[in-house]
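Colleague: Once you have looked at the hints, place chains B, C and D on chain A.
Protein chains in written order, with the working numbering: chain A, 4 to 463; chain B, 4 to 463; chain C, 4 to 463; chain D, 4 to 463.
Hints were generated in silico from the structure; no laboratory data involved.
All values reported here derive from a predicted model rather than from experimental measurement.
Simulated pairs of lysine to aspartate or glutamate, DMTMM-like, Cα-Cα distance not exceeding 20 Å: (1) D:Lys386 - A:Glu367; (2) B:Lys286 - B:Asp419; (3) B:Lys386 - C:Glu37; (4) C:Lys299 - C:Asp281.
Listed below are the residues making up each chain.
4 protein chains.
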Amino acid sequence: MHRTLLYGAQVVNSASTQTADVLIENGRVVAVGELAAIVGENCERIDVRGKLLVPGGVDVHTHLESPLNGAPTADDFESGTIAAACGGTTTIVDFAAQVKGQTLLDALAVHHDKARGRAVIDYGFHMCVTDLVSGKLAEFAEVVQSGVSSFKVFMAYRGTLMVNDGELFDVLRTAGRLGGQVCVHAENGDVIDRLASDLVAEGRTGPKSHLLSRPPETEVEAVVRAIAIADMADAPIYFVHLSTQGSVEAVAEARHRNASVAGETCTHYLTLDPSLYDQPGFKAGEVVLTPPLREKVHRDALWRGLTTGDVSVVSSDHCPYCLAEKERLGAHDFREIPNGGPGIEHRMSLLYGEGVRGGRISLEKYVELTAAAPAKQFGLYPKKGVIAAGSDADIVVLDPAGETVISAATQNQRLDYTPYEGWVLPGRIEQVFSRGDLIAASGTYVGARGRGNYLPRATV
Amino acid sequence: MHRTLLYGAQVVNSASTQTADVLIENGRVVAVGELAAIVGENCERIDVRGKLLVPGGVDVHTHLESPLNGAPTADDFESGTIAAACGGTTTIVDFAAQVKGQTLLDALAVHHDKARGRAVIDYGFHMCVTDLVSGKLAEFAEVVQSGVSSFKVFMAYRGTLMVNDGELFDVLRTAGRLGGQVCVHAENGDVIDRLASDLVAEGRTGPKSHLLSRPPETEVEAVVRAIAIADMADAPIYFVHLSTQGSVEAVAEARHRNASVAGETCTHYLTLDPSLYDQPGFKAGEVVLTPPLREKVHRDALWRGLTTGDVSVVSSDHCPYCLAEKERLGAHDFREIPNGGPGIEHRMSLLYGEGVRGGRISLEKYVELTAAAPAKQFGLYPKKGVIAAGSDADIVVLDPAGETVISAATQNQRLDYTPYEGWVLPGRIEQVFSRGDLIAASGTYVGARGRGNYLPRATV
Amino acid sequence: MHRTLLYGAQVVNSASTQTADVLIENGRVVAVGELAAIVGENCERIDVRGKLLVPGGVDVHTHLESPLNGAPTADDFESGTIAAACGGTTTIVDFAAQVKGQTLLDALAVHHDKARGRAVIDYGFHMCVTDLVSGKLAEFAEVVQSGVSSFKVFMAYRGTLMVNDGELFDVLRTAGRLGGQVCVHAENGDVIDRLASDLVAEGRTGPKSHLLSRPPETEVEAVVRAIAIADMADAPIYFVHLSTQGSVEAVAEARHRNASVAGETCTHYLTLDPSLYDQPGFKAGEVVLTPPLREKVHRDALWRGLTTGDVSVVSSDHCPYCLAEKERLGAHDFREIPNGGPGIEHRMSLLYGEGVRGGRISLEKYVELTAAAPAKQFGLYPKKGVIAAGSDADIVVLDPAGETVISAATQNQRLDYTPYEGWVLPGRIEQVFSRGDLIAASGTYVGARGRGNYLPRATV
Amino acid sequence: MHRTLLYGAQVVNSASTQTADVLIENGRVVAVGELAAIVGENCERIDVRGKLLVPGGVDVHTHLESPLNGAPTADDFESGTIAAACGGTTTIVDFAAQVKGQTLLDALAVHHDKARGRAVIDYGFHMCVTDLVSGKLAEFAEVVQSGVSSFKVFMAYRGTLMVNDGELFDVLRTAGRLGGQVCVHAENGDVIDRLASDLVAEGRTGPKSHLLSRPPETEVEAVVRAIAIADMADAPIYFVHLSTQGSVEAVAEARHRNASVAGETCTHYLTLDPSLYDQPGFKAGEVVLTPPLREKVHRDALWRGLTTGDVSVVSSDHCPYCLAEKERLGAHDFREIPNGGPGIEHRMSLLYGEGVRGGRISLEKYVELTAAAPAKQFGLYPKKGVIAAGSDADIVVLDPAGETVISAATQNQRLDYTPYEGWVLPGRIEQVFSRGDLIAASGTYVGARGRGNYLPRATV
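If we strip away everything but chain A, and leave its shape as in the complex, we get (with noise of 0.2 Å):
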């Protein structure tokens, strides 16, 4: 039996922040407080004085190895979770998606094939539903059963991945009768495909385009349709990456009445400015991701959200393409370049940086986006997501005083690019946990390969 003792370290969680020394046995916390008197000889003890200790990020939106937008994304299971422990994430949720045609099963067990053996951290899958034909709807038990009680749509991208209204009202009633959820991409696929038309048509087919052909309304009508369809199929619904106002005011709404609806953003749209896609030749198309980057107003509405608990879960839709690659697809056409962008790495540290330093949001609040709402709302908690007594050893050293550089030349991230080069943000991830083992240490890897296991999750 190996015993650690991280001592002298201020534990933040969700509810409260305390002076207190961490004891690990076997991979969990076993004990939370003043220890260092009472433990014996038989452990090892390390000097986290002056450090906070917060639970390994949960992450719940990346795509790793994905073939969902034609050209597969750069990172793979073990590049991805390799950079995603870099960034004090130990935990994430990718999307297994079906493939048209394919039985949900068989694109299940492609995914298995792809993490097993690969990921460094734990994870889990949501099930990426593209096809409803033909009974598709009666594997979702088997599916929920097999710990995959989470299923995504798109009400955008007619002909590839777009569901109808009325295969979401069908997708929501049952996977809420299972006890599971449905999380929503939420744009009118329909209204952004006759814009990006007419962009087309009069000769802006440059990577500006993509924001024009989306303003926010096109997101807004989605979330505002897809919440009356979740109430009428009286089931829970979980927006992915919002990112303007009026969604939030939608949730907001829905929240206030107590409907079961949650919302989550992403990092880059609570950091970055769209006059990014102002840059010239083809260096916009470094974020031609969707939706697009929003003015602050919009920016301002999700920090809002985020404090109020209108927007409760901060991932990173890490869907990584080489600029190189975005370009050889996208260079005539922007509807051709492969949307996405990156952010596993850095998602913590932007948060902590922009969010807590920035004065934005508390401590406490930091984890409870990054790691405990989001294990919560897809049933991974206490499991993740709290440095407590029975909980997995997955913690983040963060060193207040330090500093953290972003750049694609230093990132794990297997990208040429990033969207935040030369970014210098306060505080530094030093040393990173999984189940109690060390696995990065200052920005490296440095734990055993293919270490990660699959996790089964909870319905709600």
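Modeller: Chains B, C and D in isolation, oriented as in the chain A frame:
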């Protein structure tokens, strides 16, 4: 030159009521006031003392000889307009419905043929669009130029009539740019189809399932969505047959921010209770019309909306099918019952009796709802909808001391039932003038055959 | 019997515009229409072809010879109504203001004495209540019976005019039960007094502090509160001089649920910018009126409110003090400047020029805001506010091709300034008829002295 | 050094529940976790397997030996805190009420004298301000420095307790600048006084008139107004004893825009029905408390507000008067009945039984509402409100298998009735620890006399 003086009545317009004489010449009103002493001898004088003169009704939602629901409706342009005339309606705007594959102009020509020489009152058309493929949008300009400045689309009935959100956006934008407007049937057809299938699967195939498969939320969602899409298209929108409180609220919210959004309701949503779906046997099939009848809370909201202006038009949605025909087609599956009910003949009497005499609306509001507002909304004002110098002499002589009895046996509508069987209403429509001609007296048509004129309508 | 025919103009009413002749007999309109050929020889004919005939203006918010602010206002009933007449206003409703300790009936008698034989246009009174102790509520019935069916109270000016919430409730309930209504000056006077004291304590004693001490929220709070109290009292309420977006929204919300709530704004809130408070020296004192002028966002909301009907009346709040007088009293402390500005003369021209010709409102809406709606609101319709058979022949001949220049040097208002100095507006009021008498021509009064009649007003 | 280990329970905090042991040393919790094997022999061990450990209750709204309502309340600091302790509450914040004319510091000293040496649990004070004349605001800083960081004002009870809007603004602004906060009793006292006078005038002098004179709108108006005034003062605000749906909605609206607004409700507003006002004789006087009990629609809204967080604290508003005393004073006029009821003893049991076991809230939410949130709101967290290393060892041992019977005969509250007479609730509070001392067992006080400490509270 023939001159007629209706003297001594209360002349009611939407803005005010005055005791005055009305002088008619060549089918037009030429003066209103104290005229008895001024006009010379060469003038027919009709004593209407103690009566109300109201503008002839303008019914902007009728389906005469309509092919829309598979089976043709029971009234053609002759029988339907005779029923209208006897009930005090002197103008209709019917739907020129496109059959799949047909060009819009061809569809329009077909409907002109149906009406010409048969209608006994003046008539216009909305262009009902059901198939947008291959260049139909390009026809819109010609349609508008021909005096058909409004378009109708359906958000329900997938596979036959329904347009998707992108098509709705296209129609709104195209019509809007031409100064036209779009009439929308707002229901979430996809969700309704699911609910209907469920009911059939449970063996609930009778007429009441029509009600159960169309809960209020299926309408409200579509109204909210269509307003959002109209906003994105920067185009005006008009909702036909609103039936729910939530719809009224959605329209009110849009109107408050000065969006060009208007809402219509129909007589039956104001007056009939959904307990009619509990009638024995197939009798409930009488009220299989869409949307279905609603509970009192919704009727109250509609009446309130009439007062506040958030619902601005009351139409009949006259879409008659004999009960025998309904039963023949839908006895075994409520989804096969042709949707629709009568209304063109009793709209004016019902709204006067239930609204004005029921203490819910003023006389002026009555005129606004039945004549002035629909005429303004659809480019017919002040030719129609007002008793004023320069307007067509379309005038109803209403005796407030009389009464109206409704019965299938005596109605002019070509139908084997009326949902108002046996109703007795205060007020009686005694005489109806169309362009100065007396065309109905005491509920009997006394005018010439086929005297109606086509009304090309202005853009807005 | 004298008969006059105004022939060939566009006759504009709130509901419609028609080309017609207007026949006047004994001070009343007796017919409207194509009358030239019908009326015989015994009739004066006035050629008004190419002109607009609009109903004489009804200004329901004026303060003539008013003692309310300590110093009397600069216009008495003679000079004030002459200015009104020259500007196209043929009816006013002024305030009969109670002095502390005075009975309401005594106060009313004093104001009748001021107006009788001096006013040149017809006039009515609101009863302005400032002191409710000892049985004043018991006088309400007699006040109403005498034709004064509206009461005015202030939610600001503690110690002089302000009523507390309980008194407001009493006034609303008592008036409401009598079929009367209550006009409310809505500002949170107590908070304003604090903010004003702070500014003085900081040495900021100049006119601009008037603006700073009355932020928009001080109005909005009072509007919201008064609506709630009117709801509890189950009584109608009318807000004078609304100036903010929030107030418009509060009224709209109440109107949507069909509460009897109406809002008025004034010409200056629609047209003047608060940058006028930055004028040098004491010149900013010109616009020390209450509430203060507001930023564009509020003006836009007011214009939008006029369109949607949430603001239904435009009055002048004519409350003039010479700048010299303002400075004499308030040079050292802005709180001592008598609050008020001019407006009775140019309301009709300004709203036509800025509103109709500025593309913000239709001609019909112009008539509604300046004549029809105020007449309806205060029990004067259809005697006033409309050109129709049976109504008083109060008619303005407006030349759309003319123009109006505003200047203190040429105005009829008895004042040493106008905030519109040098403004040039499209449109010119050429002739003004009151009960068939030509009383103003080209901006000069040409009528008899003291010809105005007291207008007892109906309850609602 | 004395150490105690409570082992084997479910430890419930607001963020999570875990099976763990709790180690107590010197009155503080020093560790939580699997500790049985680690702590040595020198430790008392208490077996709490199968039990719930929840943080000792924090009741922030009590009136012990209060002079506010004329008659003193029936419980003093000894009897009241003993009742609290037996019911699982280990901290109270009572009101130091100013008598007219008294300085705040004098009022505070009086209340310190009442509590010192008599309270058996820890206590703090809100400063209750009733008289602001002559420099009372200047005392606020000293009050805050002494650990009294919250102020209480009343918007009702003109002549005794009520402040006007200007005073409310002053208090909010002054407190806010000091980092303090203001607790507001929100009712429109002036309107209530009118309604009450009316009832008396009609001869309706019995207890039920208390209900009739305080309709829900009288509370909602005041809440809306106070939020607006707090906005203008740029200060936080906390509403005591909210009882209506409209209030919950007003707080929710403010919270959504991230205003610093919080709302409290009390046990009786969640559990008791206004039909109690229909009890015969004077028995209805038992529930003459303010605001009155409300209909189910309001109770449902309050429960929903607890879930959504719009109502964040449940207090007792313990303000007991014997029924005999109530009757003696108010038998002939309900306005003379001292307002208030009991609650300090059964708050924890009722919310557990009705809330948690009634399926309305989770265990974690229970802890949040009764302990964590009030402690955070009033600057006592994490010293109070949580079971975690470093916190005071204020711990309730709750047996979910037990039951609680409420009866006047057995209660510790010094009162001749309880409105919950005969209620039987699931769950039983077995032991209560305060700073590590066992002070109550099976509903009997077993601790030392006068052991409570004054709790100076932090600003926020």
